[in-house]
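**Q** Each chain, letter by letter, is given below.
2 protein chains.
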Amino acid sequence: MWKVLSSKYLLKDRWIAVRSEACVDEKARLVEPYYTFEYPDFVHVLAITPDDQVVLVRQYRHGLGQDILELPGGMQDPEDRTPLAAGLRELEEETGYVSSRSEVIGSYSVDPAKFRNRLHLVLAREAASTGRVRQDPTESIDVVLMPIGDLVQRIRSGQFPNAAHAGLVFCGLLHLARTDPRLARLAGLC
Amino acid sequence: MWKVLSSKYLLKDRWIAVRSEACVDEKARLVEPYYTFEYPDFVHVLAITPDDQVVLVRQYRHGLGQDILELPGGMQDPEDRTPLAAGLRELEEETGYVSSRSEVIGSYSVDPAKFRNRLHLVLAREAASTGRVRQDPTESIDVVLMPIGDLVQRIRSGQFPNAAHAGLVFCGLLHLARTDPRLARLAGLC
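Chains as they are written, first to last, in my numbering: chain E, 66 to 255; chain A, 66 to 255.
The hints are simulated quantities; they were obtained by calculation from the structure and are not laboratory data. Treat the numbers as computed from the prediction; the structure is a model and nothing was measured. Please note: incorrect hints may appear among the correct ones.
Identical chains blur together in the list; that is why a pair holds if it fits in one copy or across any two.
[Unchecked claim] Only pairs whose alpha carbons sit at most 20 Å apart, straight line, appear in this in silico DMTMM-like list of lysine to aspartate or glutamate:
1. K77 x E103
2. K68 x D132
3. K92 x D201
4. K92 x E158
5. K73 x E97
6. K92 x E204
7. K92 x D132
Model the full assembly from the supplied sequences, consistent with the hints where possible.
**A** Here you go:
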């Protein structure tokens, strides 16, 4: 555990917060500056329909400069009482899907060196479409339903570039396969 | 694809570069400001010994504020001619392990919305220790050897919090299981 000697924001607005700190590490060495990013927690959803399809979103991501497939989700808003509530809200807004059987199955980090927030994974089973999406005015998101085996094949072949989301799919499948070995076979894991 | 109207650095030093842009999206809407992070490419290594153990590192990560297990790796330096060279250099420096059978098996992103760089995965088979680590003076890294099944069990139970690295382990295992079904069983995937 590092000791923090001083801490200040270099940037802080509605969209970003970058903190610069002077720290002392385990071996009494000064680490300065050390930069971290503050965000609300992220929540993403592995939503699976009764016929074993995953609900995905395709949208342009400006960091990478490409349209890519990802899990639905976003940031936990102040109005969201829990990560589960945030995930289900984002799922319904972005895709029009709801779930009657959902739970948070893990909390991770996108990048533990730089990000101070958490990335929660909601597993949403028995996902069903309401037929209504309510995307933010700034969003342009296509909804893509994909058989779980096809998603794993995409991850294997490099056509699902978000490594953190690939990790969430892995965690979700490991969780599901414990009680449903059929899913491990469907996913092509064996 | 967004059109970039203007672009400037809000922060730029040896450790960080934050760019602020004004963009026009697919529907001709102004997106301003949009922030992205520039880094050299990241390279991480799934190194496996002949007895099916994974070479991991444990270190304090200040974003999360915890000691955690991760894959060895780091940034591609200007002297590294390829992502593969960068990954093998980081593997040897951090852990003392070398590999006689290594390849880049995929290129991903930690967070495609925010990060402009790539995250490459090196698969390093037949990993063997030279007995010499050459960690940076600023690093305090413990080397941990772990049977592949134990690593997957940790990912399943939430004890491997780096979601992007969990994704890389997933990609590596899917790649390996294609030619070595024994590994899928060892990993507990089925």
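**Q** Now, for every hint given, state plainly whether the structure supports it.
**A** Hint check results:
1. Taking the shortest alpha-carbon separations for K77 and E103, both the intra-copy value of 9 Å and the inter-copy value of 18 Å come in at or below 20 Å.
2. Proximity of K68 and D132 under a CA criterion of 20 Å is satisfied inter-copy only: 14 Å between copies versus 41 Å inside one chain copy.
3. In this assembly of identical chains, K92 and D201 lie within 20 Å of each other by CA distance solely across copies; the values are 13 Å between and 48 Å within a copy.
4. Only between protomers do K92 and E158 lie at most 20 Å apart by alpha-carbon distance; the minimum there is 19 Å, versus 48 Å within a single protomer.
5. In this assembly of identical chains, K73 and E97 lie within 20 Å of each other by CA distance solely inside one copy; the values are 12 Å within and 25 Å between copies.
6. With identical chains, the CA atoms of K92 and E204 are at most 20 Å apart between copies only, with a shortest distance of 10 Å across copies and 47 Å within one.
7. In this assembly of identical chains, K92 and D132 lie within 20 Å of each other by CA distance solely across copies; the values are 14 Å between and 44 Å within a copy.
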